[in-house]
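**Q** Letter by letter, the chains look like this.
Protein chains: 2
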Amino acid sequence: MTTEAKQGTRERLLDAAATLTYRDGVGIGVEALCKAAGVSKRSMYQLFESKDDLLAASLEQRTSAYVATLLPAPDDGRTPRERILDVFEQVERQAGEPDFRGCPYLAVQIELKDRSHPASRVAHQVKANLTGFFRREAEQGGASDPELLARQLSLVFDGASARAGIGADTLTGLVAPTVTTLLDAAGVR
Amino acid sequence: MTTEAKQGTRERLLDAAATLTYRDGVGIGVEALCKAAGVSKRSMYQLFESKDDLLAASLEQRTSAYVATLLPAPDDGRTPRERILDVFEQVERQAGEPDFRGCPYLAVQIELKDRSHPASRVAHQVKANLTGFFRREAEQGGASDPELLARQLSLVFDGASARAGIGADTLTGLVAPTVTTLLDAAGVR
Numbered sequence: 004m005t006t007e008a009k010q011g012t013r014e015r016l017l018d019a020a021a022t023l024t025y026r027d028g029v030g031i032g033v034e035a036l037c038k039a040a041g042v043s044k045r046s047m048y049q050l051f052e053s054k055d056d057l058l059a060a061s062l063e064q065r066t067s068a069y070v071a072t073l074l075p076a077p078d079d080g081r082t083p084r085e086r087i088l089d090v091f092e093q094v095e096r097q098a099g100e101p102d103f104r105g106c107p108y109l110a111v112q113i114e115l116k117d118r119s120h121p122a123s124r125v126a127h128q129v130k131a132n133l134t135g136f137f138r139r140e141a142e143q144g145g146a147s148d149p150e151l152l153a154r155q156l157s158l159v160f161d162g163a164s165a166r167a168g169i170g171a172d173t174l175t176g177l178v179a180p181t182v183t184t185l186l187d188a189a190g191v192r
Numbered sequence: 004m005t006t007e008a009k010q011g012t013r014e015r016l017l018d019a020a021a022t023l024t025y026r027d028g029v030g031i032g033v034e035a036l037c038k039a040a041g042v043s044k045r046s047m048y049q050l051f052e053s054k055d056d057l058l059a060a061s062l063e064q065r066t067s068a069y070v071a072t073l074l075p076a077p078d079d080g081r082t083p084r085e086r087i088l089d090v091f092e093q094v095e096r097q098a099g100e101p102d103f104r105g106c107p108y109l110a111v112q113i114e115l116k117d118r119s120h121p122a123s124r125v126a127h128q129v130k131a132n133l134t135g136f137f138r139r140e141a142e143q144g145g146a147s148d149p150e151l152l153a154r155q156l157s158l159v160f161d162g163a164s165a166r167a168g169i170g171a172d173t174l175t176g177l178v179a180p181t182v183t184t185l186l187d188a189a190g191v192r
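Chains as they are written, first to last, in this note's numbering: chain L, 4 to 192; chain A, 4 to 192.
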């Protein structure tokens, strides 16, 4: 394969892995992944050591788009309170989409049940970065305990997306009042 | 098989399904389940239509023990606020156990990604019953909006157990202050 063809094959595999894993779970077979990508198993194994590596790479590749959709741009002129609330508006918006199945980085860790799996490590880091975002905003917003507020917001984020993902809640009228209450209690005005 | 032998086989299968699914996920194979239960596949299929039915029955069977561990006895003389906080103390305690992997009824729904699966239906009902418990306590505790508080507490419950289950948080110093803040905001003293 030329470098360009390899790149195309790689991208198709990453897309198929991200899409099918999100829809069907980490148990998705190599055959199904290769079929969806239109790639032979031989080609797949020339590019990735294993399905585990493909899965980790597919999560990694989606991260920047995920973060860009979810988090406000740095220094957008809004207050930390507004910026935090904006993240939860995005969660509520995403939860309204018909194919929403919750946060992919939470789901993959719950499904794999193996913290040392390469995909779990990628997902763990993405979630830690989100908590880091909340912590910085909490500090800048003058929270009485920025670490506690960051953990609370991460908990609400994961609880909300998990419950919406399984159809236990729509999040409408739930997330904004919950986050507002926590921000108020932490003194972030 | 005698009725007694059938009953024993059935219970071993239910136990194996509950234990292995919680530890390894819903992708666990029929071979592994039967091996762990010390039961032939033929015997399994005489008792259960399919692995899906076995999984649903294993969740159903565990429900009463799960509820008994988690929820306070009715009319135990404590206030609704104390009874609600007690549930979250149980979650924090469970989260400290080495083999804790989060709420089994949340995990199975996230893993199956199929709301019509018999096991998803069982799990959905168990979670709906927990929200019902919170709603009744919220009403009795004079919450300004019992429905909102019940949804908030369910969200915290699932967020907390999911995050502890994947090792993203220990819950120490997190759950009690969060629930207390929500109870205070709802006027449940």
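For the record, the hints were derived by calculation from the structure and aren't laboratory data.
Glycine included, C-beta positions come from ideal geometry on N, C-alpha and C.
Mixed in with the good hints there might be a few duds.
What the hints assert, rightly or not - Sample of chain L residues at the chain A side, in silico, Cβ under 7 Å:
id, residue
1, Arg-104
2, Arg-166
3, Ala-171
4, Thr-175
5, Ala-188
**Q** If a hint holds in the structure, say so; if it doesn't, say that too.
**A** Hints, one by one, checked against the model:
Annotation: Arg-104 (chain L) was flagged as interfacial toward chain A, and the flag holds, the nearest CB pair being 6 Å apart, inside 7 Å. The beta carbon of Arg-166 (chain L) is positioned within 7 Å of a beta carbon in chain A (closest approach about 6 Å), and the interface hint is therefore held. Look at Ala-171 (chain L): its Cβ gets to within about 6 Å of chain A, closer than 7 Å, so that hint holds up. Among the interface hints, the one on Thr-175 (chain L) is violated; its C-beta lies about 10 Å from the nearest C-beta in chain A, farther than the 7 Å criterion.
At a threshold of 7 Å, the smallest CB-CB gap from Ala-188 (chain L) to chain A is about 4 Å, leaving the interface hint in force.
When the structure is compared with the earlier hints, a violation turns up for hint 4 alone.
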